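Read top to bottom, the protein sequences are chains A and B.
Each residue of the first sequence is one higher than the one before, starting from 1 at the first, in the numbering used here.
Each residue of the second sequence is one higher than the one before, starting from 1 at the first, in the numbering used here.
I should point out that these hints are in silico values taken from the structure, not numbers from a laboratory.
Nothing here was measured: the structure is a model prediction, and the numbers come from that model.
Yeah, the Cβ is synthetic: ideal placement off N, Cα and C, and Gly gets one too.
One or more of the hints may lead you astray.
What follows is a list of derived Cβ distance ranges for each label pair [claimed, not checked]:
id, chain 1, residue 1, chain 2, residue 2, range
1, B, V71, A, G37, 52 to 58 Å
2, A, T262, B, L87, 40 to 46 Å
3, A, G136, B, D15, 34 to 40 Å
4, A, V84, B, I59, 53 to 59 Å
5, A, S179, B, T130, 53 to 59 Å
6, B, D15, A, N209, 49 to 55 Å
7, B, V71, A, V159, 26 to 32 Å
8, A, S179, B, E91, 22 to 28 Å
9, A, R125, B, V71, 37 to 43 Å
10, A, R125, B, L90, 35 to 41 Å
11, B, V71, A, V84, 36 to 42 Å
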Amino acid sequence: MNRQKFTLLAGLCAATLASGFGNAALAGKLEDILARGKIIVGIGLTNPPWHFRDEKGEMVGYDVDMAKILAKGLFGDETKIEFVNQASDARIPNLVTDKVDITCQGMTVTAERAQQVNFTIPYYREGVGLMMVAGGKYKSRDEMKAAGNAVTVSVLQNVYAEEMVHLALPEAKVDQYESFDLMYQALNSGRSDAAATDMSSLQWFMIQNPGKYADGGYGWNPQTYSCAVKRGEQDWLNFVNIAFREGMTGVEFATFSKSFETWFGVKPPEPQVGFPAELR
Amino acid sequence: MTYSFQFRAIEDNFDHFLYGLALGLVLAVAAILVGTLIGLLCAFATMAKARLPSRLVGIYVSAIRNTPLLVIILFVYFALPQLGIRLGKLESFVFSLAIYAGAYLTEVFRAGLAGVPRGVIDAGRAIGLTGFQLALYVISPIMWRNCLPALGTTFISLFKDTSLAAVIAIPELTYQARKLNTETFRVAEAWATASLLYLATCLLIAAGLRQLERRFPKF
Chain A
1 MNRQKFTLLA
11 GLCAATLASG
21 FGNAALAGKL
31 EDILARGKII
41 VGIGLTNPPW
51 HFRDEKGEMV
61 GYDVDMAKIL
71 AKGLFGDETK
81 IEFVNQASDA
91 RIPNLVTDKV
101 DITCQGMTVT
111 AERAQQVNFT
121 IPYYREGVGL
131 MMVAGGKYKS
141 RDEMKAAGNA
151 VTVSVLQNVY
161 AEEMVHLALP
171 EAKVDQYESF
181 DLMYQALNSG
191 RSDAAATDMS
201 SLQWFMIQNP
211 GKYADGGYGW
221 NPQTYSCAVK
231 RGEQDWLNFV
241 NIAFREGMTG
251 VEFATFSKSF
261 ETWFGVKPPE
271 PQVGFPAELR
Chain B
1 MTYSFQFRAI
11 EDNFDHFLYG
21 LALGLVLAVA
31 AILVGTLIGL
41 LCAFATMAKA
51 RLPSRLVGIY
61 VSAIRNTPLL
71 VIILFVYFAL
81 PQLGIRLGKL
91 ESFVFSLAIY
101 AGAYLTEVFR
111 AGLAGVPRGV
121 IDAGRAIGLT
131 GFQLALYVIS
141 PIMWRNCLPA
151 LGTTFISLFK
161 DTSLAAVIAI
171 PELTYQARKL
181 NTETFRVAEA
191 WATASLLYLA
201 TCLLIAAGLR
211 QLERRFPKF
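Take these sequences, add in the hints, and give me the full structure.
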């Protein structure tokens, strides 16, 4: 084989390979996932009610249920999911390097992150709530606000923790603890009148310990939670958004509603039949 | 080393550090005063002829000395209120440190008492002193002299133990350092400053106690 012919052949091979890969890339993430027969979901393991293992070792939680909506939509089978356990700082890198198809891991939407990944439509709005012991001295945030500096609030030590509490209770004394369990112990032992903590944790605690805790009835410091996909996969993003929307407001609402109630203890608002509310 | 030191955040918050240090000293002094009282009572109780006081003191001392101070603090702060005993935040810490100090100081004073020569006590009896006079004018001065060095070490170690108050959100020096850490991420600077403040304070206390030792009458 002379040199010219070899070059030509090599060129042809390269062109064929390139076009082959090119086709795969053109087909896009959605086709890849359908061809693979399962969806790969980046998630954590230890954050109830978002994602954790139950007594049987199965992955459960609100994030997991959102992934199940997708698997059911893609394959008609909600078990076709491979969960990839990732630390929260791996959420964006794993998407960018295609290690996972989607990340559903209680991820706060920020404009800064939206430059690195595409966010889906939101599925929860996290905030801070006031957790109190049921039958305690105060019944609500209003009563605590009226009591001024007689109220002590325990909170996890953090930047601006004091300012955060003072947004809701301007005069309250703030005790900052170094871990969640100390913060809850302070509440349980009456060292604090309320614990300022994530609304979702508060609701989960109330489900786990029926009758023991009460909600201060006030939420603030809003943060939107969304799943995220790799940037530029518009078809895939559209699919996820439609699946989520129809879960939260459409044909899958019954399943979604049950899930929401399981993890947060309250029913999501019933979708209004008639003119679609989201287009109002 | 790629870490670059920036003490600006420390300078801006130095008053918080000093406040924390002062609070720690106040807590230590309060606990030491109560602890010394407990220690003296317990040590003299073991001198009684009756067996019972000695037994009770033995139980108290070994129970406290074999429990971590942190556990005592958490028990008094979190568990006692559920059992109906509710002390304020600072009071609960002083109480914890005082009963802890009491156990160690009992042992210190007991050793001091054991070092009082038999002959001196007999001499006191011989000139007709009552038991109380004997304890006050003869035994005590010699006992104090004997235990001064050990007392110094115990006081310093009790002052350092006030750093545990940070766990129950008492804003002393360690708490202030930790808070600055989370707020500014000047990790090395915050802990270095706290360490130096503790070190300087302990050295000062030690120097003061050495002076006291030097001036205390020798027998």
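Evaluation of the provided hints:
Between B/V71 and A/G37 the CB atoms are about 54 Å apart, so this pair conforms to the stated range of 52 to 58 Å. Judged by the Cβ atoms, the range 40 to 46 Å given for A/T262 and B/L87 holds: they are separated by roughly 41 Å. Look at A/G136 against B/D15: about 36 Å separates their beta carbons, and that is inside 34 to 40 Å. Between A/V84 and B/I59 the beta carbons are some 56 Å apart, a value that agrees with the proposed interval 53 to 59 Å.
The beta-carbon spacing between A/S179 and B/T130, approximately 56 Å, falls within the hinted interval of 53 to 59 Å. For the pair B/D15 and A/N209, the beta carbons lie near 42 Å from each other, so the given range of 49 to 55 Å is not met. For the pair B/V71 and A/V159, the beta carbons lie near 30 Å from each other, so the given range of 26 to 32 Å is met. Roughly 24 Å separates the CB atoms of A/S179 and B/E91, a value that falls within the hinted 22 to 28 Å.
Distance hint for A/R125 and B/V71: a CB-CB separation of about 40 Å, consistent with the stated range 37 to 43 Å. Between A/R125 and B/L90 the C-beta distance comes to about 40 Å, which sits within the given range of 35 to 41 Å. Look at B/V71 against A/V84: about 40 Å separates their beta carbons, and that is inside 36 to 42 Å.
Checked against the numbered hints above, the structure violates only hint 6.
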